[in-house]
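Just need the whole structure built from these sequences, with the hints factored in.
Here the protein sequences line up with chains A and B, keeping their order.
The opening position of the first sequence corresponds to residue 25 in this note's numbering, with each subsequent residue numbered one higher.
The opening position of the second sequence corresponds to residue 9 in this note's numbering, with each subsequent residue numbered one higher.
Keep in mind the hints are simulated off the structure, nothing from the lab.
Each hint should be verified, as a subset may be incorrect.
Here chain B is said to cover these stretches of chain A; the calculated rule only asks that three of the stretch's residues, wherever they fall, bring their Cβ under 8 angstroms from a Cβ of chain B [to be verified]:
no.: 1; stretch: 75-81
no.: 2; stretch: 106-116
no.: 3; stretch: 120-126
no.: 4; stretch: 129-140
Just a few of them, taken from the derived set where beta-carbon distance is under 8 angstroms, the chain B residues facing chain A [unchecked claim]:
no.: 5; residue: Met-9
no.: 6; residue: Gln-24
no.: 7; residue: Ser-360
no.: 8; residue: Leu-364
no.: 9; residue: Ala-367
no.: 10; residue: Leu-368
no.: 11; residue: Ile-456
no.: 12; residue: Leu-459
The model shown is predicted, which means the values in this text are computed figures rather than measured ones.
All residues carry an ideal CB built from backbone N, CA and C; glycine is no exception.
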Amino acid sequence: MIEVRNVVKTYGKGPSAFTALNDVSFVVPDGTVVAVVGKSGSGKSTLMHIMSGLDHPTSGEVLVDGKNLKEMKRKELDAFRSTEMSFIFQSFFVQGNESCYDNVALPLEVSEVGYRHRAARVRKALEGVELSDKIKQRAKDLSGGQKQRLAIARAVVGEPKVLFADEPTGNLDSATGEVVQELLFKYAHDNKATLIIVTHDQDLADKCQMQIHVKDGVISRIDSATSKQADEGSTK
Amino acid sequence: MKRIDILQRAGRNLRQAKGRTFLTALAISVGAFTLTLSLAAGQGARQYADNLLKNNIDPQALFIVKDKSITSTDTGSGLKEYSSDLSAASGASGASVAVKMMTDEDVSKLQARSDVKQVVPIYSLNAKYVTFEGNAKKYYSPLTYYDATTVSEVMAGSLPKLGEQIGDDEIVVPEQYLDTLGVSAKNLIRKKVVVVAAQAVATPSEAELQQAFLGGGNTAVEELLKPKTHDYTFTVRAVLKKSTLSFVSSPRLHISTGAAKDVYVYTTTGTENAGKYIGVTALAKGDSAAVKNVLQKKYGYSVQTAKDAQGLLFTFVNVLQGIVAGFAMLALIASVFGIINTQYISVLERTSQIGLMKALGMSNKAIGKLFRYEAAWIGFLGGALGVGLGLIVGWLANPVITKALDLGDNRLLVFVWWQLALLIIALVVVAISAGWFPSRKAARLDPIDALRTE
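Structure, rendered in C-alpha cells:
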C-alpha cells in the first residue's frame, strides 16, 4: 500500500517559486493498476519521482507498506528501491552498447543477487518479453518496441512489488504500444504487484483500475473503475 | 553492488569506448615507458658499479688518509695549520693543495695493529723511462704496484693466488702495450724490462761541492749536480687482459710492493716527500665499518671502506636516475589531466545511464566507484603498455648498448620484476586519484535531472 499524505513540492524560492504539487493526498492499495493522468507540466512526473523516493517532497510524506520514505536513510532507500521498486521510462534508457543480458542483469547486480542465480532469472525475464533469442545482441540493434520490452525485462527481473512506468508507450506506435501495455498488465496481475503508469493517453488510463487526474499540481479527480473492467484490461 | 560486478562493468564500459580508452592509456604509457627505462638503467648502472667494485676492491679494503680533504670533495678553507707532515699534493679539484701526508710512523703504527693486515702505503711511483728486451726504444710508462686483493685475467703467463704478491723481480704488463711494442703476449713472457728511476736532485752542501772540486775538478762537480738514476730490472711474469671492469682507466706496469718501496725510497730520497704517503691501503679483519671507527677515533685518520666507495658511485647513479625519473613524472602529470578530461566527458555522455542506475537503487558510492575503477583500468592498461614497450625496447637495445659502450658481459638495462609490478600499481593509484573528481561529479548527479536528459 502506498500512502501519499499532503505532499507539496515547490521548486525555487521567493516570488519565482513554482509549486509543482500542492497538497496531494491519496492511497493506492496493493496490487492496483493505477494511471496518473495529466497534461505535460501538470506535475504527474514529479508525483512519480516523489512516490518512488527519487525526489523528496517539500512537505508532506509518502508511506510505502507503512514505511515513511522521509525517515529512511539514503542507504536504506537505495536498497529499498533496488529490491521493491522498478522503473520503465518513455525513452527506454537501455544501454545500447551492452548486450541484452547485461542490461537485464544490472538490477540484479545492484541488489547483490548472487552470480549463480542471475543467469536463470535474466533468461526468464527475457523469455517473458519474448527476447530470448536476442540475449547476446547489443541493445542498440533492437527496434523501439524491442527496446521497451527489454526495459520491461530489466524492470521485472528483480520481481519488484511496485512498478513505475513513465509514459511507457509514448515513443511507440500503437501496435507495439499495445504489446508493451499487455506485458505490464500481465506482470502486475501475475505477481499481484502495484503498477503505476504515468501517462497522458486516456485510452491507456481507461484500462487501469484507478485513475488519478492531476491538473496544475492538484488532484482534480480520482476514478476507481470496477475490478471487472480492470481484469478485462489485464487479460486482453 | 558488489565490487567485482562494478569492476566488470567498468571494464565493459571502457571496451565500449576503445579508441578513447586506448589514447588515454597511451598518454600514461609514455610516462610508464620512461620510468621503466630509467628504473632499468639505474638498476643496470648500479649492478655495473657493483661488479666494478667487486672486481677491483676487496670488500674488506680500507683506504686510510690523514687529511679528510683527500677523500671528500670538500676542500675546506685553504688556510691550514703548518705541521711537518704537511705536503703539497694534487687535490680533488686538480689544484695543488697542502694536505697532511701519512708517514712511515703511521704505517708502522697500522702494521702493528691486529685488526688490519696487508698495510701498504700508496707509493706514487715515477719512472724516468722503461725499456723492453728486444726493443731499442725508450718508453714512458705509468708505474704502479701489484694489487694482491683482486684477481685479474691474463692473456699470457700467470698470476699468484689471491692475496699473494708477485716476486720482487717480476713485472706485469698490460695488454694495451702489445701494439706499441709490436710483440705478441706469449713472446713477451720471461722477457726483461728495465725500469730507470731518477733520483731527485738534492742541492749539495757547500762542503760537498768543495770536496768534489778538490777531488775531481769541474767534472766531479758536474757529476755531483747531475741527477742520479738507477736501473731496476724485472722479468715479465704475465700480460694482463684488458678488462671492462677495470677500475684503473689507463694501462700501467705493475711491480711488487717490495720493489715499489725500493723505487719510491730511491726517487724521493732527499726530497720533502721522503717517507710520506698520500694514503695507506689495508684490509680490515672482521667488520670493516667497526675497524674504520676505531682508526678514526684513535688516530684521527679519515678512513674509507669499500662500502663508502660504493656509496659514492651509487649516489652518482641515483642522481642521474632521478633526473630521468623527473621527466617521466612530468609526462605522468600531463597524462593525469588526460584521465580527468576523458572521465569528465564520459560522465557527461552517460548522464542518463547514471540516472537510470540511481533509479534502480545503485548507491552514490557505487557510482563513484564505477568511474574510479574505469580510471584504474586506464591506469593499468597504460602502465602495462608502457612497461611492455620498455621491456621490448630494453630487449632490443641491450645488445647494441653493450657493444657500443664495451660493457663486456654487463647489461645497461636491467629489469626487476617487483619494481615493474610496483610501478604499475603506483600508476593505477595515480589514475584512481585522477578519476576522483569525475567520479565525484557522477556520484553527485541528481537522478531526476539525469533522467530528464535526452
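Take the stretch 120-126 of chain A, compare each residue's beta carbon with every beta carbon of chain B, and decide whether three or more fall closer than 8 angstroms. holds (count 3)
Do the numbers back the hint for Gln-24/B, that is, is its least Cβ distance to chain A under 8 angstroms? Holds. Min distance 4 angstroms.
Supplied contact hint for Leu-368/B, tested at 8 angstroms Cβ to chain A: This hint holds: Leu-368/B lies near chain A, its Cβ roughly 5 angstroms from the closest one there, short of 8 angstroms.
Close enough to count: is the Cβ of Met-9/B nearer than 8 angstroms to one in chain A? holds (5 angstroms)
With a cut-off of 8 angstroms, does the beta carbon of Ile-456/B approach a beta carbon of chain A closely enough for the hint to hold? holds (6 angstroms)
Go check the stretch 75-81 of chain A versus chain B for me, would you? Three or more residues, Cβ under 8 angstroms, otherwise it fails. n = 3 at 8 angstroms, threshold three: holds.
Chain A contact restraint for Leu-459/B - C-beta distance below 8 angstroms: holds (7 angstroms)
Coverage of the stretch 106-116 of chain A by chain B (three or more Cβ within 8 angstroms): With 7 residues closer than 8 angstroms to chain B, the stretch 106-116 of chain A meets the three-residue bar; holds.
At a Cβ distance under 8 angstroms, does chain B reach at least three residues of the stretch 129-140 of chain A? With 6 residues closer than 8 angstroms to chain B, the stretch 129-140 of chain A meets the three-residue bar; holds.
Close enough to count: is the Cβ of Ala-367/B nearer than 8 angstroms to one in chain A? Constraint on Ala-367/B satisfied, holds at 5 angstroms.
Quick check on the hint: Leu-364/B CB to chain A CB, less than 8 angstroms? holds (4 angstroms)
Report holds or violated for the interface hint on Ser-360/B, using the least CB-CB distance to chain A and a cut-off of 8 angstroms. Since chain A brings a Cβ to about 6 angstroms from Ser-360/B, closer than 8 angstroms, the hint holds.
Violated hints: none; the structure is consistent with every hint.
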